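Q: Below are the chains, spelled out letter by letter.
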Amino acid sequence: MHEVGLSAISTSPAQIQIARTLDQEIALIERVCAGETQLFYELISPYERSVYVAAISILQNEADAEEVAQDAFLNAFAHLNSFRREAKFSTWLIQIAVNEARTKRRRDRKFLYKSIDEQGQDEEGEYFPKDFADWREIPSEALQRAELCRALQNAIASLKPAYREVFVMRDMEHLSVAETADVLQISQALVKTQLLRARLKLRDALAPGIDGVWNIRDGPWKKVRPW
Amino acid sequence: MAAIEISCVEVWREVSNYIDDAVDRELRERMEEHFRGCEHCVAVLDGMRNIVRLVGDGRAFDTPAGFSDRLKAVLARNLGS
Chain D
1 MHEVGLSAIS TSPAQIQIAR TLDQEIALIE RVCAGETQLF YELISPYERS VYVAAISILQ
61 NEADAEEVAQ DAFLNAFAHL NSFRREAKFS TWLIQIAVNE ARTKRRRDRK FLYKSIDEQG
121 QDEEGEYFPK DFADWREIPS EALQRAELCR ALQNAIASLK PAYREVFVMR DMEHLSVAET
181 ADVLQISQAL VKTQLLRARL KLRDALAPGI DGVWNIRDGP WKKVRPW
Chain E
1001 MAAIEISCVE VWREVSNYID DAVDRELRER MEEHFRGCEH CVAVLDGMRN IVRLVGDGRA
1061 FDTPAGFSDR LKAVLARNLG S
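Chain order of the listed sequences is D and E.
When we follow my numbering, the leftmost residue of the first sequence carries the number 1, and every step to the right adds one.
When we follow my numbering, the leftmost residue of the second sequence carries the number 1001, and every step to the right adds one.
By construction, these hints were calculated from the structure, which means they are not laboratory data.
Be aware that one or more of the hints could be misleading.
[Unchecked claim] Simulated DEER-style distance windows between Cβ atoms:
no., chain 1, residue 1, chain 2, residue 2, range
1, E, ASP1021, D, LYS160, 23 to 29 angstroms
2, D, LYS160, E, ALA1065, 27 to 33 angstroms
3, D, GLU36, E, ARG1070, 18 to 24 angstroms
4, D, PHE83, E, ALA1065, 26 to 32 angstroms
Every value quoted in this text rests on a predicted model; they were computed, and no experiment measured them.
Glycine included, C-beta positions come from ideal geometry on N, C-alpha and C.
Go ahead and model the full structure; you've got the sequences and the hints to work with.
A: Dropping the structure here:
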């Protein structure tokens, strides 16, 4: 395996930056564990959003997700000595947040009915695309629109919880298939199946013309359905 | 019509793995041959790539306003710093 280090001539600047960051992170962890607790926020601040997103993907409520994120960070502090460096620190934090969020979902009465979907089983049949509109380009201005964010959030919220959790871990948290399987405690095959369905459903939900957000190539969208 | 060695349904089953570069070389070549002759599957592929791109930049979900300040306060109360 290629060792990324400051002295490696073939190492790119980006890789060096990553190596330095990882070294700094390990040093920070060691200092916090040694008693410099004031450094803990510096340690976890790059992962605030990741932990929050992991929580809200499960709880679907901002206040609950924030509370769980805070609890997850406190829990991480309490168990920082047990962090094993073969896992990424970010993945370890996400794992804690997922566990905290699932505990809250089980405990909280308002999630009682939703928890039926929590079993990692795949009881649905195959999902096939419903719309074949051409959607090759995203106009740069569309990426800035608040409506797009809302449309994305609504579409993601509409996913079945098991699909949403896998989609968030893979495509928003950028965890690998193996990491996603570990964090969600499901098989890698199920990760792939649920990710496929989540992506297909989101594509159908957000296909051009569905909610007026999209206006690409100066014209209305012509839906092309095979039936 | 160009010979299509893989069906649309098979492409749909693998399109997510294709995007993740998690299909073997033979399947990738068959899918790419299919994409050259099937605008529906190209639309599915492009749309799925757009979804991944749209959410991948992290702008779809952000922490609520004041999140960091409240977190710092919680840590300060509980960590004694």
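Q: Could you check the hint for me, namely that D:LYS160 and E:ALA1065 are 27 to 33 angstroms apart, CB to CB?
A: The hint (27 to 33 angstroms, Cβ to Cβ) holds, given that D:LYS160 and E:ALA1065 are roughly 30 angstroms apart.
Q: E:ASP1021 and D:LYS160, beta-carbon distance inside 23 to 29 angstroms?
A: Because 26 angstroms falls inside the window, the suggested range holds.
Q: Can the suggested window of 18 to 24 angstroms be confirmed for the beta-carbon pair D:GLU36 and E:ARG1070?
A: 23 angstroms, holds
Q: Mind checking the hinted window 26 to 32 angstroms against the Cβ distance between D:PHE83 and E:ALA1065?
A: 30 angstroms, holds
In summary, this structure violates none of the numbered hints.
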